[in-house]
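Keeping their order, the protein sequence lines are chains A and B.
Numbering-wise (the numbering used here), the first sequence opens with residue 9 and increments by one.
Numbering-wise (the numbering used here), the second sequence opens with residue 617 and increments by one.
Be aware that one or more of the hints could be misleading.
Partial chain B-side listing against chain A, Cβ under 7 Å, derived [what the hints assert, rightly or not]:
| # | residue |
| --- | --- |
| 1 | Asp640 |
| 2 | Gly659 |
| 3 | Pro660 |
| 4 | Phe715 |
| 5 | Gly716 |
| 6 | Ser717 |
| 7 | Gly718 |
Derived DEER-like restraints, expressed as beta-carbon distance ranges [stated by the list, open to error]:
| # | chain 1 | residue 1 | chain 2 | residue 2 | range |
| --- | --- | --- | --- | --- | --- |
| 8 | A | Ser88 | B | Gly676 | 29 to 35 Å |
| 9 | A | Val20 | B | Ile636 | 38 to 44 Å |
| 10 | A | Leu87 | B | Gly632 | 36 to 42 Å |
| 11 | A | Ser92 | B | Asn623 | 23 to 29 Å |
Keeping only pairs whose Cα atoms sit at most 25 Å apart, straight-line, the calculated SDA-like set for lysine to any residue is [as the list claims (entries may be wrong)]:
| # | chain 1 | residue 1 | chain 2 | residue 2 |
| --- | --- | --- | --- | --- |
| 12 | B | Lys670 | A | Thr103 |
| 13 | B | Lys712 | A | Lys22 |
| 14 | A | Lys17 | A | Pro47 |
| 15 | B | Lys621 | A | Ser92 |
| 16 | B | Lys621 | A | Glu80 |
| 17 | B | Lys720 | B | Ile669 |
| 18 | B | Lys672 | B | Phe662 |
| 19 | B | Lys712 | A | Val121 |
It should be emphasised that the hints constitute simulated quantities derived from the structure, not laboratory data.
Note that the structure is a prediction, hence the values are computed from the model and not measured.
Beta carbons are placed, not taken as given, at the ideal position from N, Cα and C, and that holds for glycine.
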Amino acid sequence: NAGVTQTPKFQVLKTGQSMTLQCAQDMNHEYMSWYRQDPGMGLRLIHYSVGAGITDQGEVPNGYNVSRSTTEDFPLRLLSAAPSQTSVYFCASQTSGGDGYGYTFGSGTRLTVV
Amino acid sequence: DQQVKQNSPSLSVQEGRISILNCDYTNSMFDYFLWYKKYPAEGPTFLISISSIKDKNEDGRFTVFLNKSAKHLSLHIVPSQPGDSAVYFCAASWDKFYFGSGTKLNVKP
Numbered sequence: 009n010a011g012v013t014q015t016p017k018f019q020v021l022k023t024g025q026s027m028t029l030q031c032a033q034d035m036n037h038e039y040m041s042w043y044r045q046d047p048g049m050g051l052r053l054i055h056y057s058v059g060a061g062i063t064d065q066g067e068v069p070n071g072y073n074v075s076r077s078t079t080e081d082f083p084l085r086l087l088s089a090a091p092s093q094t095s096v097y098f099c100a101s102q103t104s105g106g107d108g109y110g111y112t113f114g115s116g117t118r119l120t121v122v
Numbered sequence: 617d618q619q620v621k622q623n624s625p626s627l628s629v630q631e632g633r634i635s636i637l638n639c640d641y642t643n644s645m646f647d648y649f650l651w652y653k654k655y656p657a658e659g660p661t662f663l664i665s666i667s668s669i670k671d672k673n674e675d676g677r678f679t680v681f682l683n684k685s686a687k688h689l690s691l692h693i694v695p696s697q698p699g700d701s702a703v704y705f706c707a708a709s710w711d712k713f714y715f716g717s718g719t720k721l722n723v724k725p
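Construct all of the structure, not just a fragment, from the sequences and the given hints.
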């Protein structure tokens with residue numbers, strides 16, 4: 009089925025380790041974004057991309073890197089994991105804009121940093 | 617500082633009754649408002665939206681109301697069904713897309 013695929017679904021990291029959360033979409037959407045969901049905080053935007061080769065920071069970008077070499081893929085890299093990055097991460101894509109209309113979300117990656 | 621707030625973390629309603637979920641925002645530049653529904657272990661899915669030029673939008677059992685003067689948004693679900701039990705996020709957009717913290721709705725059979 010068409011949509012947004014995130015891997016892995018679960019991950020446990022030790023403090024200081026690095027890893028990449030994968031996100032791929034097959035809908036030819038231009039706009040992709042990464043959110044983290046924390047209790048009482050809702051979903052907060054980490055980074056977003058309006059097309060291949062173009063990325064920008066959201067509300068909470070510190071400690072994360074992104075790149076967009078293709079339309080389909082938008083990986084999120086944790087450079088040196090910290091317990092404060094324990095969260096559920098969602099990748100989303102949209103045809104254009106980023107206004108939230110027609111967003112398709114992945115099923116999430118639950119990350120625990122110990 | 618959260619620009620979109622959902623002050624009720626949870627709501628419990630009897631099946632068949634009305635569910636009313638509320639949302640407040642602070643930024644008068646927001647021009648588009650949305651509600652998303654999220655089941656456990658799944659990503660949020662789009663439910664209903666409203667443009668700032670309207671004050672009401674209906675889609676089946678779901679109606680969204682917008683009161684711009686009060687900077688208040690609400691979602692009405694009538695009648696509520698057990699399958700509506702989920703976390704509901706309101707969201708608003710202008711330059712970017714901002715979510716509230718969510719309200720967990722429990723519809724009791």
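Evaluated hints:
no.	hint	result
1	Asp640	violated (13 Å)
2	Gly659	holds (3 Å)
3	Pro660	holds (5 Å)
4	Phe715	holds (4 Å)
5	Gly716	holds (5 Å)
6	Ser717	holds (4 Å)
7	Gly718	holds (6 Å)
8	A:Ser88 <-> B:Gly676: 29 to 35 Å	violated (48 Å)
9	A:Val20 <-> B:Ile636: 38 to 44 Å	holds (39 Å)
10	A:Leu87 <-> B:Gly632: 36 to 42 Å	violated (51 Å)
11	A:Ser92 <-> B:Asn623: 23 to 29 Å	holds (25 Å)
12	B:Lys670 <-> A:Thr103	holds (24 Å)
13	B:Lys712 <-> A:Lys22	violated (33 Å)
14	A:Lys17 <-> A:Pro47	holds (18 Å)
15	B:Lys621 <-> A:Ser92	holds (22 Å)
16	B:Lys621 <-> A:Glu80	violated (33 Å)
17	B:Lys720 <-> B:Ile669	violated (28 Å)
18	B:Lys672 <-> B:Phe662	holds (17 Å)
19	B:Lys712 <-> A:Val121	violated (28 Å)
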